[in-house]
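Chain A is already provided as a structure; the job is to place chain B on it using the hints.
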Amino acid sequence: MKKDLEQQDTVIEVNQLVTHYGQRKILDGVDLNIKRGEIRVIMGGSGSGKSTLLWHILGLYQPTKGRIHLLGQDIHEISFNDMLKLKQDIGVSFQSGALFSSMSVGENVALPLREFTDLDENTIRIISRMKLEVVNLGGFHKLMPSQLSGGMIKRAALARSIVMDPKLLFFDEPSAGLDPVVASEIDDLILSLRDTMGMSMVVVTHELDSAFKIADKITVLDNGKNLLTGTVEEIKASTNKRVMDLLQRRSRHDKLDPADYLKRLTQENYTLS
Amino acid sequence: MTEEFIRFEKDPELCQIFISGEVDLSNSGELRKTILGALKTTPAVKVNLSGVEYIDSSGIAAMVEGLQFANSHSKSFYLCDPSPQVRSILELARLDQVFDID
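As given, the protein sequences belong to chains A and B, one line each in that order.
Under my numbering, the first sequence has 238 at position 238, and the numbering climbs by one with no breaks.
Under my numbering, the second sequence has 78 at position 78, and the numbering climbs by one with no breaks.
Isolated chain A (complex conformation) (with noise of 0.2 Å):
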């Protein structure tokens, strides 16, 4: 279902999304609204909710309850033809770069040219090593992921994620177990894309100086819940606790129930509520 025309700047539109693995509540009533251009990263502790936000984004989940439109299309209203052509113009890029061991890396940055475009061979050849020129991974096309280091394959990924010249890129944990020198690399390059591209890009991460450096707005998620949206200045000036305690990695002093906690330790089938 297309959204009215005065909303398509708004690209990403998630209304009170509630999700549960079994009985627990992962998602519980989350809103976002992301406008074209921005870079919008995601914070929050380990189960925080922050990657299953996420995959129902990308309709990988389904959510209880809730409603996601991109580009101005509800992701899970629209035929199947139409999600199609909706993926082309979505890019991901996953934590471990999930690039396919048996193919080279031009091949796996070629892939999506192959399975969603007719460019004949000699196109396909120069965009995916375009592409890897852009990551810093010029003339690398034929090495295979296992002969690549961590940074590299994340690039190679990048690289992938780009291919189809997306509107809307999303990144899982883009610079985690990088070091600082490779992940500012990664920073900069999501900054150079946005800008001269106009992509619009969603960032899961919990690095904060990454967080820092490239978001317009920071969503902080606790518990399933949207603790707080601000611009980098407003969350650092926050006086909330939690999103203090995320902010200085202090670990989280919640008050326990003590009856509860021990049926937790004693009870064969306790589940979470």
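No lab work stands behind these hints: they were computed from the structure.
Ideal Cβ positions, reconstructed from N, Cα and C, are used throughout, including at glycine.
Fair warning: there could be bad hints in the mix.
[To be verified] Under 7 Å between C-beta atoms, here's a sample of chain A residues computed to sit facing chain B:
no., residue
1, 126
2, 127
3, 130
4, 133
5, 134
6, 136
7, 165
8, 266
Positioned in the frame of chain A, the structure of chain B alone reads:
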């Protein structure tokens, strides 16, 4: 009435190709055909990008192929008047160092 996507001016020494609007998967094949066709019949081809609002990777690839053809057939191929946005797309892939840009 919308302006033509591609028009060209040709004399025996030079073919100038003017592109307008957006270049993407839907029309980059036409651009490629026009560039290669022009290079087969004239010694020099200039692609004027002043009217280009957006160009995707398949459009850039068409121009790379044009340059590749020109270099292997001792012909000239160059670009002119890219908008700052188009120039920055070329710069991102470091193609500003590969093309002759007026």
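Structure-based check of all given hints:
Nearest Cβ of chain B to the Cβ of residue 126/A: about 4 Å, under the 7 Å cut. The hint holds. Restraint check, residue 127/A versus chain B: the minimum CB separation of about 5 Å is within 7 Å; hint holds. Evaluation of the residue 130/A hint against chain B yields a held restraint, the C-beta minimum of about 5 Å falling below 7 Å. About 5 Å separates the beta-carbon of residue 133/A from the nearest beta-carbon of chain B, less than 7 Å, and the hint is met.
At about 5 Å, the closest approach between the beta carbon of residue 134/A and any beta carbon in chain B falls short of 7 Å, and the interface hint on this residue holds. Proximity of residue 136/A to chain B is violated relative to the hint, the smallest CB-CB distance being about 10 Å (cut-off 7 Å). A distance limit of 7 Å between C-beta atoms decides the matter here; for residue 165/A the minimum to chain B is near 5 Å, and the interface restraint holds. With a least beta-carbon distance of about 59 Å to chain B, the hint placing residue 266/A at the interface is violated under the 7 Å criterion.
Figure legend: structure checked against the earlier numbered hints; hints not met, in rising order: 6, 8.
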